[in-house]
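J.: Now for the letters of each chain:
There are 2 protein chains.
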Amino acid sequence: MDGTEARKIDRDEREIGPVPPLRRHHAGAVGYRWDGVPVKQYKETGTHFQKITRQVLFGANDGLSSDVRYFEIWPDGHSTLERHEHAHAVIVINGRGYVLIGEAVHSIAPFDLVHIPAMTWHQFRAAPDEPLGFLCLVPCDRDRPLRPSTEEVKGLREHATIGTFIRL
Amino acid sequence: MDGTEARKIDRDEREIGPVPPLRRHHAGAVGYRWDGVPVKQYKETGTHFQKITRQVLFGANDGLSSDVRYFEIWPDGHSTLERHEHAHAVIVINGRGYVLIGEAVHSIAPFDLVHIPAMTWHQFRAAPDEPLGFLCLVPCDRDRPLRPSTEEVKGLREHATIGTFIRL
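These protein sequence lines map, in sequence, to chains A and B.
Numbering-wise (this note's numbering), the first sequence opens with residue 1 and increments by one.
Numbering-wise (this note's numbering), the second sequence opens with residue 1001 and increments by one.
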């Protein structure tokens, strides 16, 4: 077992039974919702993220080899600064915000496509006055995200673009 | 090699090189478009579909085990009536329309989630006066779709719901 194997993540357990053919979308005051899809915490524990929820739309139970999650960040909230061996494919579907990928920050809006390669630092942030909602595809079989070490944080803080963007 | 192996499909060949971190979306008069994503024919040959285009947004080159395609059907157009061993996970993102899944027809609108199980007849159709655009996820390694035989068409035509909906 190498380091990657040791860091394998337990996949999201679906809380619903067999997936119905149609689950309707609702755009409510509190964000995007779907019939039968529970709204979950972004992560079980931690203070390295803010104002963000997670909904698993499709997964291995549906005959796919990828999980499709919908993340919604409230205005000015952010996801964890992290990196991992698996890639992310992201499609923005709601609101506006920013994403750090490696050494660059990009503004993002609905239907923009974001690709995060393996072992690349990344962090999403909603605009100050708008939520940011996006689909995020990952392989069902994936490794656990890594957060920066104290030494890595020091290096990131010294980078002109990264240092002013990241929240830890 | 069994029947499924023999029917394995050649995956879409990406026409672009390494995937950039951000590809912006454009909603033009002719439909949804993305930087660097070519608009392709839905299928190479055939008359069993109408007014439909295909764009491959993410694929195996991106470190994923699924392909993410965007299909756009112009008003009153339709996809092929078909079924296959692999499942489809579909997220509508544009316009309105209908989908046949097995023995039921559903109206669909943006962000509705559609799941098409293995070996289930399905066909998408745009509304008469609106396009229908949707993301469709499939495993990279998948079998080739099957169209109904003459005998199967006869059975489908005799079904009250299916018979009035399908286009061949």
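FYI, nobody ran anything at the bench for these hints, they're computed from the structure.
Note that CB positions come from ideal geometry on N, CA and C, so glycine has one too.
Wrong hints could be hidden among the right ones.
For each label pair, taking beta carbons as the anchor points, the in silico distance ranges come out as [what the hints assert, rightly or not]: (1) B:1048 / A:35: 30 to 40 Å; (2) B:1020 / A:150: 52 to 62 Å; (3) A:102 / B:1035: 16 to 26 Å.
Only some residues are given here: those of chain A computed to face chain B with a beta carbon under 10 Å [what the hints assert, rightly or not]: (4) 37; (5) 38; (6) 41; (7) 135; (8) 146.
J.: Can you give the numbers of the hints that this structure goes against, from lowest to highest?
T.: Numbers 2, 5, 6 and 8, in rising order.
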